[in-house]
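> Sequence:
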Amino acid sequence: SLSLSLSLSLSSPTVSHYTGFGRTEVIDNTLNPDFVRKYILDYFFEEKQNLRFDLYDVDSKSPDLSKHDFLGQAFCTLGEIVGSPASRLEKSLGGIPGKKCGSIILSAEELSNCRDSATMQFCANKLDKKDFFGKSDPFMVFYRSNEDGTFTICHKTEVVKNTLNPVWQSITIPVRALCNGDYDRTIKVEVYDWDRDGSHDFIGEFTTSYRELARGQSQFNIYEVSNAFIVTLLSFSVESESTFLDYIKGGPASIPSGNPSQSTSLHYMNPYQLNAYAMALRAVGEIIQDYDSDKMFPALGFGAKLPPDGRVSHEFPLNGNIENPYCNGIEGILEAYHQSLKTVQLYGPTNFAPVVNHVARYAAAVQDGSQYFVLLIITDGVISDMAQTKEAIVNGAKLPMSIIIVGVGQAEFDAMVELDGDDIRISSRGKPAERDIVQVCVSEGGGNIKKASLLHSASSFCFCRSGPRFPITMDLRS
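Residue numbers for the sequence shown follow UniProt numbering, so the first one is 1 and each next one is one higher.
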């Protein structure tokens, strides 16, 4: 029989060795274990977080893994798990030559209780009469219990005037404020009679928990307070605030400059080394590709004369297929990019507006919030159609789309940075953009992209309940 345990190790992108992070419990006598113990990891969209899972048959209580039988291992990134359908990834186990080791199923879940909001409504019956000349003016106060036994106020209802049978309006409270994500933590609710001078009269109190409240309207949510009155939960619902992880689906990129046959060109195809554009694409692409289940990315080029008639285009498929511009993963984009350099003639100027409008047309067609589009443009920083690009960005700011611009080479990026609305929101024809949808990232050389800039880009996706696609556009002008 087998007694199985799983070990998790972590590695950073710059360090080759793995460091042990944790182990599951041991499950006896099974070939199909379902481990209960969870790993809580900090997730960083802007980093490639490498994971290794090792499976062992545990023969003793020794903590030394070398004392147990190794059954196989699997490698992946945290982004792969998060970006898989339903954040559920199946990987084959390997590590033992000539032997099939089975497979492992990995699942990830963002701690949703930190971003949920609970909406609920209460009523009360037969409250104590606290006012001499009239009925009570009741309101409710909610408290979250702290680990030290104290309570922190987290919400007050409105005051319902002159009644002993109040029905309060629905209230919405973030779950993190209500119970700090602990569904069984005590929640105390106090009922007061409002007085104009602030010396509110205490009527009564009861305790509950988020788990009890989540049962909704039932016998579990009718609270008798000191045999004096009854508080009833009329309704309860939970709504999750969407984050970037909710929007993940797909990808675009754009690249410019120089005769690729010349070693001075940023497009120079050195057989021994990736050029600046390819390094930038791989640096960003290796992060974002984990968030597309089929790894198919539409890739466009701009700034080139196309065969056979030499027509200048600022939005053409890198793979030459107008009907299907999708490339298989980052390697597929790189292959299409290298092939396009052999068939098209690089030609100025560098116009951003056509590719921005191209993605905006797709974003405008999505009316149900099911998709979010992220346009990745890789460029040398020289923009020829600034006015048209600003207009396209302002128009796109009301659509489910964002733009990441990656600058490569030694050019001045002042004009490109002007599109980034961090400090001053861009405008066109006197109309300001509704929101900042552009983030500029500058390649630091060797394909390194500033992580802070990329993370800032991810945060801008969170405004809409949808799923991002990453179209790739490459500026090929000479």
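Because the hints were derived from the structure by calculation, they are not lab data.
Hints are supplied without guarantee of correctness; some may be wrong.
DSSO-like cross-link-like pairs, simulated, lysine-lysine; straight-line CA separation at most 30 Å [as the list claims (entries may be wrong)]: (1) 38 to 67; (2) 398 to 431; (3) 48 to 130; (4) 156 to 126.
Cβ-Cβ distance ranges computed for the label pairs, FRET-style [unchecked claim]: (5) 92 to 424: 49 to 55 Å; (6) 398 to 159: 37 to 43 Å; (7) 99 to 63: 24 to 30 Å; (8) 150 to 429: 52 to 58 Å; (9) 274 to 65: 34 to 40 Å; (10) 85 to 331: 17 to 23 Å; (11) 60 to 35: 17 to 23 Å; (12) 66 to 98: 42 to 48 Å; (13) 90 to 183: 25 to 31 Å.
Glycine included, each C-beta is placed from N, C-alpha and C at the ideal position.
> Hints first: check each against the structure and report whether it holds.
Going through the hints against the structure:
1. 38 to 67: holds (24 Å)
2. 398 to 431: Judged against 30 Å, a Cα distance of about 12 Å means the pair holds.
3. 48 to 130: violated (62 Å)
4. 156 to 126: holds (21 Å)
5. 92 to 424: 49 to 55 Å: holds (51 Å)
6. 398 to 159: 37 to 43 Å: Taking Cβ atoms as reference, residue 398 and residue 159 lie about 39 Å apart, which means the hint holds.
7. 99 to 63: 24 to 30 Å: With a Cβ separation near 26 Å, residue 99 and residue 63 satisfy 24 to 30 Å, so the hint holds.
8. 150 to 429: 52 to 58 Å: Holds, at about 56 Å.
9. 274 to 65: 34 to 40 Å: Given a distance of about 38 Å, which is inside 34 to 40 Å, the answer is holds.
10. 85 to 331: 17 to 23 Å: Since the Cβ atoms of residue 85 and residue 331 sit about 22 Å apart, the hinted range of 17 to 23 Å holds.
11. 60 to 35: 17 to 23 Å: Cβ of residue 60 to Cβ of residue 35: about 19 Å, so the range 17 to 23 Å holds.
12. 66 to 98: 42 to 48 Å: violated (22 Å)
13. 90 to 183: 25 to 31 Å: holds (30 Å)
Of the hints listed earlier, those the structure fails to meet are numbers 3 and 12, in rising order.
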